[in-house]
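Engineer: As a plain string of letters, each chain reads:
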Amino acid sequence: MKLTINGQTHEVDAPTEMPILWALRDVLGMTGTKFGCGKALCGACTVMLDGNPIRSCVTPIKVAENKAITTIEAISEQKTGQAIQKAWIENNVPQCGYCQSGQIVSATALLNTNPHPSDADINAAMSGNICRCGTYNRIRDAIKQAASNMEAEHEG
Amino acid sequence: MKDNIVNISRRNFVKGFALSGFILAVGMPPPSVMADDKKYGRNAMPHGWVDNPLVFVSISEDGTVTIVAHRSEMGQGVRTSLPMVVADEMEADWNKVTVVQAYGDEERFGNQDTDGSRSVRHFFMPMRNVGSAARMMLETAAAASWSVPVSEVKASNHEVIHSPTGRKLGYGELAGAAADLPVPARSELAYKDAADFRYIGKSHNKLVDGQDIATGNTEYGMDVRLDNMLYAVVAHPPAYGDKLASYDDSETLKVPGVIKTLTLPSSPPPAVFNPLGGVVVVADNTWSAIEGRKKLNIEWEKGPNSQYESKAFRQQLQQAANQKGGKVLRQKGNSYEVIQASKSTLSADYYIPHLAQAPMEPPVATAHFKGDSCELWAPTQAPQASRDTVAQWLELKPEQVKVNVTLLGGGFGRKSKPDYVVEAALTSKAMGGKPVKLMWTREDDIQHSYFHTVSCEHLEAAFDANGKTQAWLHRTVAPSISSTFDASSVHQLPFENAMGVVNIPFAIANIQLENPAAQSHTRIGWFRSVSNIPHAFAVQSFIAEMAHHQNREHKEFLLELIGADREIDPRSLQDEGNYGESPELYPLDTGRLRRVIELVTEKADWGKKLPEGKGQGLAAHYSFVTYVAAVVEVKVNDDGEVSIPQVDIAIDCGPQVNPERIRSQVEGACVMGISLAMLGEISFKDGVAEQDNFDGYQVTRMDGAPAKINIHLIPDDNYDAPLGGVGEPGMPPIAPALCNAIFAATKKRIRDLPIRQQLKS
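Those protein sequence lines, which keep their order, are chains A and B. Take this note's numbering: the last position of the first sequence gets the number 1003, and nothing is skipped along the way. Take this note's numbering: the last position of the second sequence gets the number 1450, and nothing is skipped along the way.
In short, the hints are calculated from the structure, not lab data. Just to be clear, a hint being listed does not mean it is correct.
What the hints assert, rightly or not - Below, a list of computed lysine-lysine pairs in the DSS-like style, where the Cα atoms sit at most 27 Å apart: (1) 991(B) to 949(B); (2) 1397(B) to 991(A); (3) 886(A) to 895(B); (4) 983(B) to 886(A); (5) 991(B) to 849(A); (6) 1123(B) to 1091(B); (7) 933(A) to 785(B); (8) 895(B) to 933(A); (9) 1374(B) to 1297(B).
Hey, can you work out the whole structure from these sequences and the hints?
Structural biologist: As structure tokens, then:
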């Protein structure tokens, strides 16, 4: 079947029940999106489907038919994604970094719908993403920094 | 694969073979500049240490300096911190530095066991030596090219300058000539003054891998891809010691993508790093392998641990903890008599269950067996142990096995045990030498960890009429990590007892420390900060209970127990471990312990007035030759729900190489400490872990993490002083500080972890 990923159409020869995660990683070789739990419990596999964050480890590729998948590899094409990535690097957010693809996609989706999230908004949007290294405070700081940078840019 | 070391022989260079731009590192035999045969610190580690610049540094003609990181990166920042030391000491411009990861070869690189909070502590000096030697070789080469005395030249920020004339040569221009020079003897090395450090002790360098992580461009073990690679998962025996009786794979083989099933041998105890056995499902993609595994019909033969049940086992441990006796670890005065005779005594029991490390990247490895050799790619904390264990299982020599070390998606001790690497190697061999990536699902990871032990801690104290502590008794009972290496072992090893049982620095006249026996019924292994977790939880909770019992202010009482500032020889506490460090270089300094307590209480505004339902808790603990104290502030609402507005942590780890990463490690240790205290539990029934994913085995998420974590570093500009550990020591004080805060807020004392629903009622 055809999958639209990061603006490009790919012909994917895989069972339609295959989760998007494994189509990305094993069939297409896009390994930026991570496996963490296989049950939508940890958020490491978060991608956007038509702009909404979803857990790709439990979402079969058939659900993505005629929809647009956005992964970490192309998140910088969104202004929000770019601002988030910049704030991540600036704040040295990652420790091991393994969960951060999912964190960044979730954070970008948050700022896309809520450009000025409160702490409670951030907690609500990000608590589906586990970081075992415990970088939560820096994630929160980086999201706020990205939000304020975008606002400054907008005003400027 | 990217980031592997290019190794070019000098002869090839001279003959004019392709150079790839590497000049300084050209093929000198790895000269094993090994340390003298001492018995402490880095000298006591397998294969010791190497500080040869020809092993660790290369310079290309364009001036790019490539520095080898020989320790595994799992989030502690070692790929940034140790190369930063080399770059600083050799006056390299950090913007012109690239870092490559060493493969597993301890004879070449020195010890690579990335655990024990040792990487920077053990390799700061060797990496300074590397940088210093490289700088001196570049200076000598420049002086020779200008025919001037070397005393007239000075390396500065990637070039060597002839001061009298202002002439300059860049590192790229000098690399070839420098490579021909002998490596200076260690006794001739000159070091930079700390005042001239550009990177050491500073926090402005960004993470080496930060950009790649933020763009999804890194390569973890999970991300390795080889041509024609197959994918595998394993159906492991449900309980440790169970064996495969028979299986039917007919439904499995119908799953599209599944290629084959095969069996892995089970290993008799002790577990060591051997595979657990079971059935491997090999497919052309991961999902098919997982789906195929679900369709296996397996009969297991129950083994000796199939009765293991956590509730019953806890009773056994508790019984042992309540009985006088067991192995006596330390005896001073007569605690039994004093407690018996005292009018004022207190006793309490604490329990901490098994825990699983659960790194976000579960165990995974890729193997390519080639008949007389095997190449592997693995996220491993133990590259040399991986190599040696794979070699044993494949009946090859270690030299025939190459272990490429990828980034680790977390480790926390789990990835010190390379059982999963062996599984990948055996599967590739069984598949006729096809490359195989073998992945553990989260269920495999949580059910078949090398678990943190389970423990009961029994404490007693006696006080005199003035409220002064006269006697202390601590009985600690827990299956030992040693059981993983010797199945008959039932007592804690000295290194486990030296994690907060024998080396309590308290000025108490009568002390009795005992360790009754405990059998293990699963694989017990290291978990970040190891036995410090239960010991610090019990000891630091009990001290708060003692203070309360005596109507004493907690901080004052704790400082009184610690007593006057003094340097204690750990051997006088019958601590022969001392984290492997020299007792002369690393005495237990009670003044440093006092200072972290004073700093953290000052910064946290200890004793401040708080509204009802809020409280502060304090704990302090010495581990990994580092001193840490924490103040946790909690809020407990009417429904018994805990939130944590603020945590303050003070750490004295000696001189600091990368303060920014020290902060991040302690922040992370804080969250992991909160996680195990609030939620962490692996329990067994019928020998099987009852939790198998992040729904049953919960870990702290953003909404449960402290709203604010403030890290306070004790400054130390003396870079000749011994360094302390960083990755682990932040964790032990967190659980007791949290429970002490909960007591302050609610008057409810938590003695069993995890806290979970205990405050709801």
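Engineer: Run every hint past the structure and note whether it holds.
Structural biologist: Hint-by-hint comparison with the structure:
1. 991(B) to 949(B): It holds: about 26 Å lies between the C-alpha atoms, which stays within 27 Å.
2. 1397(B) to 991(A): holds, 14 Å
3. 886(A) to 895(B): Violated: residue 886(A) and residue 895(B) sit about 34 Å apart, past 27 Å.
4. 983(B) to 886(A): holds, 15 Å
5. 991(B) to 849(A): violated, 47 Å
6. 1123(B) to 1091(B): Measuring from Cα to Cα gives roughly 16 Å; hence the hint holds.
7. 933(A) to 785(B): holds, 21 Å
8. 895(B) to 933(A): holds, 12 Å
9. 1374(B) to 1297(B): Cα-Cα ~45 Å, so violated.
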